[in-house]
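Asker: With chain A fixed as given, assemble chain B onto it according to the hints.
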Amino acid sequence: MAASAQHPYSQFPHQAQKIGLSILESMGFRVGQALGERLPQETLGFREELDVLKFLCKDLWVAVFHKQMDSLHTDHQGTYVLQDNSFPLLVPIASGLQYMEEAPKFLAFTCGLLCGALSTLGFQSLVTASVTALPACESWRGCLWGFTLFSPRTHLTCGT
Amino acid sequence: MSRPVPRRPQHHKINKDLFVLTYGALVAQLCKDHEKDEDVNKYLDKMGYSIGTRLVEDFLARTCVTRCHSYSEITDIIAQASSHRNQPQVLLILWKSQQVAFKMYLGVTPSVTCNNASRNEFSLILDKNPLSEFVEELPTGRSSLCYCNLLCGIIRGALEMVHLTADVTFLQDRLKGDTVTEIGIIFLKQPNEKKYRRRK
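Taken in sequence, the protein lines are chains A and B.
So in our numbering, the last spot in the first sequence is 160, and the numbers never skip.
So in our numbering, the last spot in the second sequence is 360, and the numbers never skip.
What the hints contain is simulated information worked out from the structure, not anything from laboratory work.
Heads up, a few of these hints could be off.
Stated by the list, open to error - Take a look, some chain B residues computed to stay more than 10 Å from chain A by CB distance: (1) N175; (2) Q189; (3) E198; (4) Q258; (5) N276; (6) I285; (7) K288; (8) S303; (9) V322; (10) H323; (11) L324; (12) A326; (13) T329; (14) E342.
Unchecked claim - When the alpha-carbon atoms are kept at most 27 Å apart in a straight line, the in silico DSS-like pairs for lysine-lysine are as follows: (15) K202(B) / K67(A); (16) K58(A) / K176(B); (17) K202(B) / K58(A); (18) K105(A) / K202(B); (19) K67(A) / K206(B); (20) K206(B) / K18(A).
Where a beta carbon is used, it is the ideal one built from N, C-alpha and C, also for glycine.
Okay, chain A solo, but in the shape it has when bound (with noise of 0.2 Å):
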């Protein structure tokens, strides 16, 4: 990206890969932030984390990538992985190895994203995510998405 070039940290580019991600995941959460202030009242009283993590998977995908997560599995301690075997926002460059680098910069910006929105909801979360590169295919349009899930009951603070 252009901004790199010119910015202080340029000397440094592993650092300045590791602020630029970080800049970008507090840019998404601003923007789940919205999003989820923007969601219909009734969604707002979960009960149970599952229930969270459903309305992400159905309601809050949709409404933002146009497409349901693909799949959901949980370890029924409160770390859930989702899966979404075609990732918009990497589809467009999923094809060859060209822009894979460019992966954690969407990736980034999302997990912000669906921190946000989760924090609207009232949840505390950490949120990772991985691009699933699969074997002898040359599209990665894959991604995990890990969540914790730190409801307001407990009251730990996190980071996002």
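Answerer: Frame of chain A; chain B shown alone:
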């Protein structure tokens, strides 16, 4: 039918709120990074320019499928026509395509006016600007911020890809208290017009 029909590129529609909010987050971040409004404006314009040079291909692919086979055909046509006397006609076509492009990408149709007799200055007038939908007013201390300057850059970049140099700026801005948002386009003289005349 011997001519193969070119495939329409798949275009995915994006959630409007996501788009508008992301733009807002972008501008907010730029304001954090740059103290002066002029720097933010310049950066937005530069980013827009880079988007415009690529967006024009998408636009042309979606609107010119049946008539032109290649991108360079279109630029040749425009270049040849703009070196003739019937320049106003060419610019009229460009006008109309601006309206189409705005409708296609932002969902609004601006009205267009021509601002001078020599027909190289135009305006696009937007009653409603979707990009600034959630912005009530400019933040304090940012009175010269051209919030939607990305649009100016996009138009400028797109025009440049069809060999037309233009100066694109905001003449009126609702966020600054005007009644409408007006984008002014001034077409500048081409330095190498001779080149196209010879191709007749």
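Asker: Run through the hints listed earlier and report the numbers of any the structure violates, in increasing order.
Answerer: When the structure is compared with the hints, numbers 1, 2, 15, 17 and 19 turn out to be violated.
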